[in-house]
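Engineer: What follows is each chain in one-letter form.
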Amino acid sequence: MSEMINLTIDNVPVSVEKGTTILEAAKKVNVKIPTLCYHQDLCVAGNCRVCVVEQTGSDRLLPSCAMPVSEGMDIQTNSLQVRTARKHVIELLVSEHRADCTRCYKNGKCELQELASEYIIDEEGFIDLLPYKNYTIDHYSPSIIKDDSKCIRCQRCVRTCAELQKIGALTVAYKGKDMKISTFFEKPMFEVVCTNCGQCVNRCPTGALTEKTYIDRVWDVLNDPEIHVVVQTAPAVRVALGEDFGMEPGEIVTGKLAAALRRLGFDSVLDTDFSADLTIIEEGHELLSRLKGALKDKNPNVKLPLTTSCSPGWVKFIEHAFPEYLGNVSTAKSPQQMFGALAKTFYAKKIDVDPSKMVCVSIMPCTAKKYEADRPEMRSSGYKDVDFVLTTRELALMIRQAGIDFSSLPDDDYDSIMGESSGAGVIFGATGGVMEAALRTAYEIVTGREVPFRNLDITPVRGMEGVREAVIKIEGTLPEWNFLEGVELKCCVAHGLSNAKKVMDAVKAGKVNYHFIEIMACPGGCLGGGGQPIPTNEEIRKKRAAAIYREDKNKPIRKSHENPEIIQLYKEFLHEPLSEISHKLLHTHYRRRNRY
Amino acid sequence: MEDVKQKVKELSLKYGRAEENLLPILQGIVETEGYISEEAMVEVARELDISAAHVYGTTTFYSFLDTRPKGKYVIRVCKTISCMMKGKNEIIRELENVLRIKLGETTHDGLFTLRETNCLGQCHKGPAILLNDVPYTDLTPTKIRKIVNDIRKKENVSN
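Those sequence lines, one after another, are chains A and B.
Residues 1 to 596, numbered by our numbering, are exactly what the first sequence covers, in order.
Residues 1 to 159, numbered by our numbering, are exactly what the second sequence covers, in order.
If we strip away everything but chain A, and leave its shape as in the complex, we get:
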């Protein structure tokens, strides 16, 4: 056991491990110290000074987020000196912030606004510095809006991009009063290496970084009687949406979600989990055909390892950073785009709706999905396959706008067809989920037997470790797959782009020899996506993940290939995996982009 340090916080004695900060120690005794630049996922910056506290006997205030405890400390978190200093800090931040709160997208969800209200910031404060500030508003990206006029320069976004994602699309430029958060040469986010993952959006305490919202566009089509609006919901939305209505993280709200969407006026309430199952069939067969090409036919042109392509943040990352490996990315589109392509072809025909009069909306835990839907590659139905993408947060706002009491909604079901899913589709929302789902199906195709794990739970690929490896030995193959007999299938799972970079660097250096790699751009996978409720942190991600695996366990069908609607889809429309029509609608290729 490590050394314990004794101190008092607001006269309450507390004993904590050496190295703990004052802020963390205060949490232990339920004293809340306000913070702005601090975020649990990020390194300490200590630049905003909102969290200052007083140490008896010292005339200087200490930043509690950055200051480790020491023996005998006597900390006051709410003395007059502390309150005055904090109030001044908040007033100074507000003085250079466009405090146009009633017209701000983050109104009511802004950490600066909350503090300003707690500390009663009035108009008597400091002079408004905004007119002297040289700011720009970048709204060119289909995913993210960056509004410098609301930036308080806490640098959470810079740290997110550099630490969690190792992208470094954002930086601190200039100094002093001119200091600003900038991209390379102050270009629009759209033109730089930004992957649109939205992790910065999820961590921005103000309205300086927000998702581009399409709520009003969606209301327009919902109110147009000529238009049939189809909605799909991503796996990770159902384990997080409740948080925006005051529920505990990890509450599963699938039934309420379907009910709310129907109440909002969507004509068909369908599920991305369905197309997640479809992705597994297509991607699983792609993996097997690549293994066949490499191991049996010894074709040198077959690219292994195969990597997943569900995460649009990851796809954009590899386009920028490792374009030489684009051939390794699965050609199978993401579930969102498979869904869109099928909605305006197969489904439109099925329900007898003219696809030109159909609008496809998706509810995603993700900001990069907005960019993905806008890609020119994603128009294989002859129309824009997915018209509008809303984040989990935007949906919560719509539900609120509609006056729906979410918590009291009765559970409802998805429509059919394209509404049924297996547990394998559900776990797409967690890191390791695509891998697990693919293994459940691929192993069975090859051997005719279920994966040799209890309850189909492939636990080695689960968890929150940044990079996880698993080796699955294939035994007892069916005759046509006998070239895989005894093969040890080497799998790797990574989440967060910093881990993706580690894995790809290792692949590039020839240090590893994987067959299949799953990569999710966001920490924790989609459940920790940039479009998820704020706050998102390690603890919340773990709860959402537990909920996802609970949902999987409770599903009567656990394997993608047993989803009856998938079986029906192949019978009636696609014929077989990797068929000509599935290649036309469900597969694509990506392109090389600037490295810097």
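Computed spacing ranges between beta-carbons, pair by pair:
1) E186(A) - V134(B): 29 to 35 Å
2) F64(B) - K32(A): 43 to 49 Å
3) H124(B) - K133(A): 30 to 36 Å
4) E580(A) - P24(B): 54 to 60 Å
5) Y132(A) - P24(B): 32 to 38 Å
6) R103(A) - V134(B): 48 to 54 Å
Keep in mind the hints are simulated off the structure, nothing from the lab.
We put the CB at the ideal spot given by N, CA and C, even for glycine.
Model the placement of chain B on the given structure of chain A, informed by the hints.
Structural biologist: Just chain B now, with coordinates in the frame of chain A:
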């Protein structure tokens, strides 16, 4: 373009490709090229395997690491409080008049660039400027006009 690429390669070889060598490399570029272009920053990012935005952030932090081409003579006027109180604004106004450019700009003949800079450490002798590497202190509008005209004479340009 190719020259810059070559230059950056040489500098990273000379100083090493660790991130902490970013500053000497950037200084080296300014020394020969006069400023750090977008292309140069991308090359530095590539050589050091860091983000281009990071190179940009570091460059813009230092006022002596220029991101735009500058004239043969760079006049940097100290912008801090002591020089301000001693009349640096009059100096800037006079310079803007005599050079016929605004603060931050470069004359058409490429001879002069007018900038502000942080404290030059000449607070007791303000207002102060730095003309390339040479400080001039206790300035008045008349003095600064003479300094500019002397250079023009030396460079054989009429005003």
